[in-house]
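Residue-level listing of the chains:
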Amino acid sequence: MALAVDDLKVYYRTLAGDVRALDGVTFSIADGEIMGLAGESGCGKSTLGKSLIRLDTRMRYVGGSITVDGDELPIWDDERANDFRFRRVSIVPQYAMSALNPTRKIGRMIEEVLKSRGVAFEQVEPELHRRLELVGLPESVLGLFPIELSGGMKQRTVMVLSTLLDPSVLIADEITSALDVSTQKAVAEMLVEFRNRGFVKSMIVITHDLSVLYQMADSILVMYAGKLAEKAPSDTIISSPRHPYTKMLISSLPEVGVRFAEKRLTGIAGRPPSLLDPPPGCRFRDRCPLASERCLEEPPFVEIAEGHQVACWEVAA
Amino acid sequence: MLRLDHVTKTYRTGSFGSKRITAVNDVTFDVEPGQVLSLIGESGSGKTTIGRMILRLTPLSAGTISFDGTDVSTLRRHGLKDYYRGVQGVFQDPFSSYNPIFRIDRIFSMIRSGYFPHEDGRAWRSKLDASLEAVGLTPGDVLGKFPHQLSGGQLQRLLVARALLLEIRILVADEIISMLDASTRIDVLNLLGDLKARGLGIVFITHDLSLGNYISDRTVILRRGAIVEMGATEKVFGDPRHPYTKMLLASVPHLHERWSGDAVERHSQAADDADASGKVAELVEVADDHLAAVG
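Protein sequence lines correspond, in order, to chains X and Z.
Numbering-wise (the numbering used here), the first sequence opens with residue 1 and increments by one.
Numbering-wise (the numbering used here), the second sequence opens with residue 318 and increments by one.
A portion of the hints provided could be inaccurate.
Keeping only pairs whose Cα atoms sit at most 25 Å apart, straight-line, the calculated SDA-like set for lysine to any residue is [stated by the list, open to error]:
hint, chain 1, residue 1, chain 2, residue 2
1, Z, 462, X, 151
2, Z, 336, X, 151
3, X, 263, Z, 515
No lab work stands behind these hints: they were computed from the structure.
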């Protein structure tokens, strides 16, 4: 198992109190698995991705554990966690286009990043060239400044750099969201190719776009207001979701072929609860058509079929 | 009602304006009342520039935009104000469209003082209530609030309500739902559909093909500032003729069907070669109400 997360809680410190962005999250990712992490803004999906890499100063580790290939990842200890970064847990940031140091040539920057991990550039150079070729970049980009590359080229450079040391877990945070449809497809297929070739052992792809996840992910985890709602293989999530939130979310997505005049889709009324002081019980309760007395109690995240977990009283019963 | 005739926009860039970038190249189309026309294109296709030119936020380099037969670029003062009574825009980011220190009712009272200075309080109030109801909001819920207390969907609907107060006939909706969450965006889209039924003409600008397909009657596909295909939505989506449109449709991620093969790259390569010449390909009628570029 490449990654196991157990009851992880990470809160944001604000003047008004703790914002419970990640409130008891438990899941695991198998070797070779690409897991999609979906949810609306503010559901905690990016917080989850960030906590695996580095907690920023506003984030507070509250409890839970993370294991990468059987070793505990000490996310509460910034310095010890440093041994894991880039080597075993790596990230392709949301704004890959601005992730490169503008004052260094690409080659020199990569050299410096490697040096900081105690890896000699010469050692990985042949592999670096192979991988640049794979993503369709000429070797000469190493002698260029970031400003000389197009947005797509920068994105590919960052993808190659992030995975250079063959990490166990790669986090891709909204990397396809700002792209055009044709580029989006190319990037998604590239990530799958990286997994197929073993450059990364497992991947968490964070996005709000379920249709992109369906194209590339093996399994999809849906989050709602800091909690897990449902996890299942991609086909199951899309074709037979069980959690009412997942169901309503999927039925609200327009697809090419669906027309307003013929079939009117509906959204989900209401908005997620504030995470500053979330109500007890199921957090989807206020917007849920199936809500009952029982939902005042928090539903457990239970397995209802192999590889299919749901947090809902109505479904588990 | 609204007509764009051979509209072109060229930006000067580089030192002393030495380089020229053609953002919009010879675009012609019209919008009728009760019609949703979507402008679909990838980034840099000029779709936002067209919207800004319709709203007179950006001057044209060549061509004309006319509203009810009047050339829009000649309007000054009162004429321009009358034009804005009929044509309004809503933009992508609802969170930055508002002044954060004003309550919502103050935003509406600015409309009142600007456009309806002689209207008495009760008439104004009923007008305001009517336009809020038209976008599915309860006046009591939103009027006394600050922008940060409302959700993105509510803010976006308020912007539409603000435009409706002026009894507009054309709404330019530039990526109005791309910043909204999936569970609420469809409601804003349905709102556009309802407004269409009331006779409003809508220019719906988007990069998302599935949204354009869902809501629009007519579709214009843009590529690097020029129209590559346009016509009735079901024809453009159902029977795409231009390789670029086909490539776009093949790249759209579907929910129940996986991407197939690598035909996409080949098409885009072919399209790239075709427009390397920089000329605008001529639009030819391939079927009734369906035009596609050739060349």
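Here is what the structure says about each hint:
Between the alpha carbons of residue 462 (chain Z) and residue 151 (chain X) the distance comes to roughly 40 Å, so the proposed pair goes past 25 Å and is violated. This hinted pair checks out: residue 336 (chain Z) and residue 151 (chain X) have alpha carbons roughly 21 Å apart, not beyond 25 Å. With a CA separation close to 19 Å, the supplied pair residue 263 (chain X) and residue 515 (chain Z) stays within the 25 Å bound.
Checked against the numbered hints given earlier, this structure breaks only hint 1.
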